[in-house]
Amino acid sequence: MYPRKIALAAAALVASALTLSACAPSAPPAATAVAGSQTLTVATTTDVVNYNPLIGNSRSDYWITNLMYPHLLSIANDGSKVPQVATKWGYVNEKTGFYEIRHDLKWSDGQPLTAEDVAWTMNAVKKDKPSGTFYGQLANLDTATAVSPTRVEFTLTKPDSSVVEEIGFWGNIVPKHVFEKAASVAKFANDGTDGGWVSAGPYKLTKVQVGQSYTLDRVDTYPLISGGTPLSAHVVFRVFPDINTEILALQSGEVDLIANALPPAQVAKLKATSGVTVEESVGLGYAHMTYNMDNPDLAKLEVRQALAHAVDYEAIRKVVLQGQAVSTGSSPLMPVLKDYYDSSITEYDFSTDKSRRLMEKAGYTAGSGGVFPVKFRLIYSLQDSVTSQWATLVKDSAAQAGIVIELQGTERNTYLAKTNKGDFDIYAGNFAIMDDPVTNMTLSYLPGGAINYTHVNDSKLNDLIAQGAATTDKGKKVTLMREAAKIVRDNVYDNIMYTQNLYFAHSSKWTGFVSKPSELLSLVNPVSLAGAHPTGK
Amino acid sequence: MSRFLFLIPRLGRGVLTIWFAVTVTFLLLRLLPGDPALAIASPNMTEETRAILLKEYGLDQPLIVQYGIYLWQVVQGNLGVSFTQSIPVFDVLMQRLPWTLLLTGTALVTTVAVGIPLGVLAASHRGRFLDRLVQIIGVTGQSIFVPSIGVLFLFVFGLMLGWLPIGGAYDQDAYGLAWYGSVATHLALPALSLMLVQLGSYVLTMRSTLIDALREDYTLLAKANGLPYRRVLWRHALRNALLPTTTLIGLQLGFLVGGAVLTETVFAYPGIGRGIYEAVTQLDFPVLQGAFLALAITVVVANMITDTVYGFLDPRVKKA
Chain B
1 MYPRKIALAA AALVASALTL SACAPSAPPA ATAVAGSQTL TVATTTDVVN YNPLIGNSRS
61 DYWITNLMYP HLLSIANDGS KVPQVATKWG YVNEKTGFYE IRHDLKWSDG QPLTAEDVAW
121 TMNAVKKDKP SGTFYGQLAN LDTATAVSPT RVEFTLTKPD SSVVEEIGFW GNIVPKHVFE
181 KAASVAKFAN DGTDGGWVSA GPYKLTKVQV GQSYTLDRVD TYPLISGGTP LSAHVVFRVF
241 PDINTEILAL QSGEVDLIAN ALPPAQVAKL KATSGVTVEE SVGLGYAHMT YNMDNPDLAK
301 LEVRQALAHA VDYEAIRKVV LQGQAVSTGS SPLMPVLKDY YDSSITEYDF STDKSRRLME
361 KAGYTAGSGG VFPVKFRLIY SLQDSVTSQW ATLVKDSAAQ AGIVIELQGT ERNTYLAKTN
421 KGDFDIYAGN FAIMDDPVTN MTLSYLPGGA INYTHVNDSK LNDLIAQGAA TTDKGKKVTL
481 MREAAKIVRD NVYDNIMYTQ NLYFAHSSKW TGFVSKPSEL LSLVNPVSLA GAHPTGK
Chain S
1 MSRFLFLIPR LGRGVLTIWF AVTVTFLLLR LLPGDPALAI ASPNMTEETR AILLKEYGLD
61 QPLIVQYGIY LWQVVQGNLG VSFTQSIPVF DVLMQRLPWT LLLTGTALVT TVAVGIPLGV
121 LAASHRGRFL DRLVQIIGVT GQSIFVPSIG VLFLFVFGLM LGWLPIGGAY DQDAYGLAWY
181 GSVATHLALP ALSLMLVQLG SYVLTMRSTL IDALREDYTL LAKANGLPYR RVLWRHALRN
241 ALLPTTTLIG LQLGFLVGGA VLTETVFAYP GIGRGIYEAV TQLDFPVLQG AFLALAITVV
301 VANMITDTVY GFLDPRVKKA
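Same order as they appear, the protein sequences are chains B and S.
One point on numbering: in our numbering, the residue at position 369 of the first sequence is 369, and numbering is uninterrupted.
One point on numbering: in our numbering, the residue at position 230 of the second sequence is 230, and numbering is uninterrupted.
What the hints contain is simulated information worked out from the structure, not anything from laboratory work.
Please note that a few of the clues may not be correct.
[What the hints assert, rightly or not] Only pairs whose alpha carbons sit at most 20 angstroms apart, straight line, appear in this in silico SDA-like list of lysine to any residue:
(1) 187/B <-> 60/S
(2) 318/B <-> 386/B
(3) 300/B <-> 187/B
(4) 421/B <-> 32/S
(5) 421/B <-> 50/S
(6) 187/B <-> 32/S
(7) 187/B <-> 172/S
(8) 421/B <-> 52/S
(9) 127/B <-> 90/S
(10) 207/B <-> 52/S
[Said to hold, decoys possible] Residues from chain B that keep clear of chain S, each with C-beta distances beyond 10 angstroms, as calculated:
(11) 279
(12) 318
(13) 400
Glycine included, every Cβ here is placed at the ideal spot set by N, Cα and C.
Using the sequences plus the hints, can you model the full thing?
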C-alpha cells in the first residue's frame, strides 16, 4: 500500500516538474565560445519609455537607443563636436549645410546606412514633429537631400551658423526602410513587435524584460571602434529605480557600471569603497536662478543685483555639492568651452551689505526688523534634491540681507507647469547641457525663447545673439557671445551659480569607459561601452 | 442555486464601485496641476508642438467629452494607448500586473499563514511572555517603513551574506526549473518586507477577537463539557474569531497594493506599482487610468471572494 502511494507521489512530483519546466522560458542554443564573450551589466534608474529615438524621453531611452541609432556627431570632454557617422560637416553657403558620412556602416539587417537615411530622417522629423529634442533643432531647416550615397545637403530658411553641429549632435539616424512604413515617425512605437529592431550601433537590442532588464547583443562588425568588433558579447541594462539599491548591486558585483551621475553625497563614500572605481566628468550644464522680470520689483536691475549678491555661492558649492562644482563666474559660458569662456567675467560676490545698499538704491526702506517690504516666491522641484538643499541656503542668506524669499517646492510636473506659465518670482533649477552658446542664448534670452524664464527682451542682447547666429566666423562668434554673456551677467538676466562635475562608478574589474560632459545624452559615451573590457585582475 | 443569491447585490455593488473608481481616477488626473505635454516632450518645446500633442491625446476636448469617450472605450474593453510608449495600455499592464499579483499574493498568503497562528499563540498565552513578545512583533511591524526595512534586508541578505539577489524578478540566464528557483529567490525579500509591515494587523486582530471568543458562553460550555482546551481553541473559538480577520483580508488588500509601489521600487521588482509611479511622473493618463481600473477590479473581486467566504463561515450574513 505505502510503496504504491510513494510511487504515485513520486510520479506526481516528476509530472509537476516536467510541467513547470515546460512553462518556464527555455534556454537559447548554446553560443560558440569566442574571445570577449563577457557580459557588461549596466545599472540605470529608469525603464525605457520609448524605443523610437526621435521621441525618447527617459535616460534609459537615450542610452539604449544611442547604442542602436547613431548620431552624426558626438561630443568630446572639451565640449567640441567630434565625428561619429559624419566625417566632415559645414556650410556650402550661409543657407546650405552639408554632412559627409562614412561609407562602411550597415544596418543590422544588412542594408547599408547611406545619406538617404540621414536626409529622410531630417525631413521626416521636420514633417511629423515628434516631441523629442531633435525636432526643436530643426526650426530653420527647409529640406534635406542626399546628393550622393555619402553626402547630405540641406537648405535653411535663414542663415544659422549653429544648426549643422546641433542637428548632428542631437539627432539620431533611423533606417528609412523601417521607419517609412509608419504613418508618422511621431507615433511610431518601434517596439520591435514587427520582427525585432533594425539598428546600426555596436549592439542590437534582442531581449526586453520590462521593469527589469534590456539585453543587447554585439554586432559582428562595427567600424567606429578600434578592431572593428565590440569587446563584450552582451550589454545588459538593469533597472534599479532606487539609487541605494543600485549602489548595493554594484558593490555585490551584480552590475559592473552605474552609468547615471552619482548623488554628491555618495561620491566620497564610493571612492573609498574597495573594488569600485569612481570617474569624473566635467559638467556642461549649469544650476541657476532666474528672476521673473514680469514682476515689477524684479524688473528693477538693483533688486536683481541685490538678490544675486545675497547668495553665498561658495558655501553652496562646498556644503551641498561637497566641492564637486565650479564657478562659471556667473556667466552662461561654461569653463569647459575654452574658446568661449571669459575669465574676466567674475562671480557676484556674497555681500549682504551690498544687497541692502542696492535695495535702498532701488527705493525700498527696511522696516524696524531690517526687513524690506517685498517678498519673492522661489519655485523648485522636490525631486531635485540638490536644488532643494541650496534653495534653503538661498532663502537664509537673503533673509540676512532683509529680503524675504518664500520657498515653493513642488512635484516636478507642477514645477514644469508653473515654469512654463511664468507662475513664479524666482525660478531655481538646472539645464543639463549647454553645448552651443548661440543656440542656448537664443533659447534662454531672446523674446519668445522656449526657456527664456526671465522674460528678458534686451535689444542689444538680441542683436548680439542674432549676429552670432548668422556668422560662420568662429572668432567673431566668440567675441559676440562673450559680449552677450557680459550683458547677461551684469544685468542679472540669469544667475548662473555653478557647473557641476559629474561622477559615475564602475567595478574596478572593468576599464575603458569614456565619459561625456553631460548626463542627458549619457554620461558614459555609449560607443565606449563597446570598447570597455575586464582588466583581468 | 439559492445559496448564491446573496451574491447578486454584492455583484451590483462591485460594478458600482468600479465605475466610481474609474470616474474618480479620471477626474483626479485632470485636476493634477501638471501639463501632460510638458511631461512627455522636452520642456523647451514650442507652443505649436504642445498644441499638436494635446490634440493628439484628445486633451483639447471639453472634460465631459473626454469622460464620455473614455467611459465608452472602457465598456468596450479598450483602455487606450499610452501617451509615452505609443503602445496599447492593456499591453503595458500585462507586462507588469502578473508580477504584482505574485508579490502581493505571496505576501498576503504568508501574512495570513503566519499572522493567524501568532495571534492564536498570543491569545492562548494571554499576559505571559509569549503574548508580550508577539504583541511587540506586531506593533513593531506596523511601524516599519517599507523602504527602510527593504534596504536593510538587501544590505544584510544581498550584500553582506550574499544569500539572495539584490534586485529584479529573476536572473537573465535562468531557464527551465532553475527559472522558478530564481523567481522564488528574487521574491523572498520583497514578499518578506511586505509581510512584515502587514503582519501586525492580523496578529493583533486575531489575538483580541480570539480572547473575546474564549470568554463567550459557548466556549465556556465546551470547556465545562470536558472538551480538551486545544479542541475548544482551534475548533470552536477560532472559527468565530476568524470572521473579523476575514474582513481584514479584504480591507488590507488596498494597503497591500499601496505598499507594493514602494516595495517594487526598492527591490527593483517589475510590478505595476512601479509602473504607476513612472506613469505619474510622466502624466501618462491612459496608463494610470488602466492601472487603477485593474487594481480596482482586483480589490473588488478579492472583496467579493472574502464576502462569499464570510457568507459560508457565518450563515447570518447570507440573510443580511
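Consistency of the hints with the structure:
Taking the CA atoms of residue 187/B and residue 60/S, the gap is near 18 angstroms; set against the 20 angstroms cutoff, the hint holds. The suggested pairing of residue 318/B with residue 386/B holds, with an alpha-carbon distance near 12 angstroms, which does not exceed 20 angstroms. At roughly 46 angstroms between alpha-carbon atoms, residue 300/B and residue 187/B are farther apart than 20 angstroms, so this suggested pair is violated. Distance check on the hinted pair: residue 421/B and residue 32/S sit about 15 angstroms apart at the alpha-carbon level, within 20 angstroms; holds.
For the proposed pair residue 421/B and residue 50/S, the alpha carbon gap of about 13 angstroms is at most 20 angstroms, so the pair holds. A threshold of 20 angstroms between alpha carbons decides the hint, and for residue 187/B with residue 32/S the separation of about 25 angstroms lies outside it, so the pair is violated. The straight-line distance between the Cα atoms of residue 187/B and residue 172/S is roughly 31 angstroms, outside the 20 angstroms bound, and the hint therefore fails. Pair hint residue 421/B plus residue 52/S holds up; C-alpha atoms about 18 angstroms apart against a cutoff of 20 angstroms.
As the CA atoms of residue 127/B and residue 90/S are separated by approximately 30 angstroms, the hinted pair breaks the 20 angstroms bound. Straight-line distance between C-alpha atoms of residue 207/B and residue 52/S comes to about 33 angstroms, which puts the hinted pair past the 20 angstroms bound. Once the 10 angstroms rule is applied to beta carbons, residue 279/B is consistent with being away from chain S; the minimum gap is 22 angstroms. Taking the minimum C-beta to C-beta distance to chain S, about 28 angstroms, the non-interface status of residue 318/B holds against the 10 angstroms cut.
Here residue 400/B stays apart from chain S, with its beta-carbon at least about 32 angstroms from theirs, past the 10 angstroms limit.
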